[in-house]
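Protein chains in written order, with the UniProt record's numbering: chain R, 1 to 175; chain C, 1 to 250.
Hints are computed from structural coordinates only; laboratory data are not their basis. In this text, all values refer to a predicted model and were calculated from it rather than measured experimentally. There could be a bad hint or two in this list.
With beta-carbon atoms standing in for the labels, derived distance ranges [what the hints assert, rightly or not]:
id	chain 1	residue 1	chain 2	residue 2	range
1	R	P21	C	P127	26 to 34 Å
2	C	R233	R	E152	45 to 53 Å
3	R	G138	C	A15	35 to 43 Å
4	C	G82	R	P21	36 to 44 Å
5	C	Q79	R	G138	40 to 48 Å
6	R	G82	C	P195	31 to 39 Å
7	C	L85	R	V77	24 to 32 Å
8	R	H98	C	D125	49 to 57 Å
9	R	L78	C	L85	41 to 49 Å
10	R	V84	C	A8	54 to 62 Å
11	C	K45	R	V84	35 to 43 Å
Partial list, computed: chain R residues near chain C (C-beta under 10 Å) [stated by the list, open to error]:
id	residue
12	D39
13	G40
14	L49
15	T100
Using N, Cα and C, we set each Cβ at its ideal position, and we do this for glycine too.
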Amino acid sequence: MTHPTPSQTVGPFYGYALPFPAGGDIALGGIAVHGYVYDGAGDPVPDALLEFWQADETGEVRAAAGSLRRDPTTGAVLGRNGVVFTGFGRVGTDLDGHWTLRTVAPGNGYISVCVFARGLLHHLYTRIYLAPDASPEGVPSERRHTLVAGEERDGVYRFDIHLQGEKETVFFDFG
Amino acid sequence: MSEPLQQADIDREIAALGAARAGERAAHPSRDYAPYRSTSLRHPKQPLVAVKDPEAIELSGPVFGVTDVTPLDNDLTRQHLGEPLGERITVRGRVLDRDGRPVRGQLVEVWQANASGRYLHQRDDHPAPLDPNFTGVGRCLTGDDGGYLFTTIKPGAYPWRNHRNAWRPAHIHFSLFGTAFTQRLVTQMYFPGDPLFPYDPIMQSVTDESARQRLVAAYVHDLSEPEWSLGYRWDIVLDGPAATWTEDGR
Ligand SMILES: [Fe+3]
Chain R
1 MTHPTPSQTV GPFYGYALPF PAGGDIALGG IAVHGYVYDG AGDPVPDALL
51 EFWQADETGE VRAAAGSLRR DPTTGAVLGR NGVVFTGFGR VGTDLDGHWT
101 LRTVAPGNGY ISVCVFARGL LHHLYTRIYL APDASPEGVP SERRHTLVAG
151 EERDGVYRFD IHLQGEKETV FFDFG
Chain C
1 MSEPLQQADI DREIAALGAA RAGERAAHPS RDYAPYRSTS LRHPKQPLVA
51 VKDPEAIELS GPVFGVTDVT PLDNDLTRQH LGEPLGERIT VRGRVLDRDG
101 RPVRGQLVEV WQANASGRYL HQRDDHPAPL DPNFTGVGRC LTGDDGGYLF
151 TTIKPGAYPW RNHRNAWRPA HIHFSLFGTA FTQRLVTQMY FPGDPLFPYD
201 PIMQSVTDES ARQRLVAAYV HDLSEPEWSL GYRWDIVLDG PAATWTEDGR
């Protein structure tokens with residue numbers, strides 16, 4: 001029996017370590033999903049880090065390397081090669097608390113999200129559903145809308161994350 | 001405006017929550033931990049919704065490879081023309097899942113303050129010197145036994161504004177992936193015997209004493225290298241389920 005290592009906050013100073021160029025561009029030519037992260041006072045969270053994990057358009061989990069492909073000469077991050085679908089994205093919120101993800105609509109209907117922030121001692125999981133009536137069992141019906149991205153215009157979806165409060169987003173526990 | 005919070009106020013809150021939650025033996029901190037003030041508006045108040053779906057995407061996870069990491073990334077002392085100031089150390093250990101199996105070929109990311117306790121970050125305005133030879137960022141992939149190794153310098157303690165005279169014990173931030181997204185972990189490694197432990201609400205948010213000890217690396221003299229570096233060992237166990245069907249030997 002092994003005991004898990006406890007979680008600790010990501011803190012405010014991960015900037016040189018975790019975000020990487022085009023981290024929010026899982027795939028181009030598909031859809032864009034964007035939104036804000038808010039705290040319990042309704043203020044934007046300017047130092048949240050979001051990670052995204054998803055299947056491809058057919059619903060297949062590709063799990064390929066190459067999200068932060070490196071230049072072997074300079075060590076610089078070249079980013080994805082634009083051909084291989086890695087399914088992984090990582091984006092920090094800007095000073096307005098805003099983030100943007102460019103990707104393809106996953107065939108299984110949702111994009112998984114992991115939320116990190118200063119003041120958050122243990123990350124949170126949620127999901128972005130792109131269709132209005134899908135969400136997993138156990139989500140109270142009056143909170144289901146917090147998991148559904150609204151289509152603002154063709155191919156552009158809006159998904160806000162409320163860490164706390166009236167509009168609090170549904171977060172998941174995988175056990 | 002009320003009086004600024006004093007360390008004594010925080011100490012009382014830490015003691016009260018430590019006593020109240022001692023019986024829970026929780027591995028992870030509660031997200032609602034008032035002594036760390038920034039938690040107050042950033043933790044959900046609704047219960048988390050349990051997902052039991054074996055088809056869940058989260059039971060698989062991102063993959064990284066040799067293309068994502070360069071061989072120099074795990075030596076934080078060799079990223080500039082000169083060498084950073086500070087006590088040269090190595091930190092090594094294994095990344096395991098909660099069944100004790102090694103997590104192989106996965107990405108480990110670290111970041112830390114320099115020897116003076118200053119981060120290379122525009123929002124760190126603590127009046128301690130930056131080190132032109134230290135960025136404080138490293139990466140590596142775990143080996144077949146789940147092993148990782150970083151060469152770096154020991155970070156300094158640094159002040160923050162949670163309350164008056166708040167200081168963080170020296171720590172290295174770690175980010176870890178398992179085979180499943182559900183095993184994701186971001187945490188901090190501390191150094192043994194640091195006198196700041198009892199005063200730090202972030203470390204004390206782990207209210208179970210034995211769990212808290214799992215955040216502290218061991219100094220291992222045999223891992224020190226003569227006239228070169230001091231050696232620390234820190235093993236990491238990822239929580240969370242993983243799908244068996246993704247285990248293709250990686
Ligand atoms: Fe830190």
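Comparing the hints with the structure gives:
no. : hint                        : result
1   : P21/R - P127/C: 26 to 34 Å  : holds, 31 Å
2   : R233/C - E152/R: 45 to 53 Å : holds, 51 Å
3   : G138/R - A15/C: 35 to 43 Å  : holds, 37 Å
4   : G82/C - P21/R: 36 to 44 Å   : violated, 26 Å
5   : Q79/C - G138/R: 40 to 48 Å  : holds, 47 Å
6   : G82/R - P195/C: 31 to 39 Å  : violated, 51 Å
7   : L85/C - V77/R: 24 to 32 Å   : holds, 27 Å
8   : H98/R - D125/C: 49 to 57 Å  : violated, 24 Å
9   : L78/R - L85/C: 41 to 49 Å   : violated, 31 Å
10  : V84/R - A8/C: 54 to 62 Å    : holds, 56 Å
11  : K45/C - V84/R: 35 to 43 Å   : holds, 41 Å
12  : D39                         : holds, 4 Å
13  : G40                         : holds, 4 Å
14  : L49                         : holds, 9 Å
15  : T100                        : violated, 19 Å
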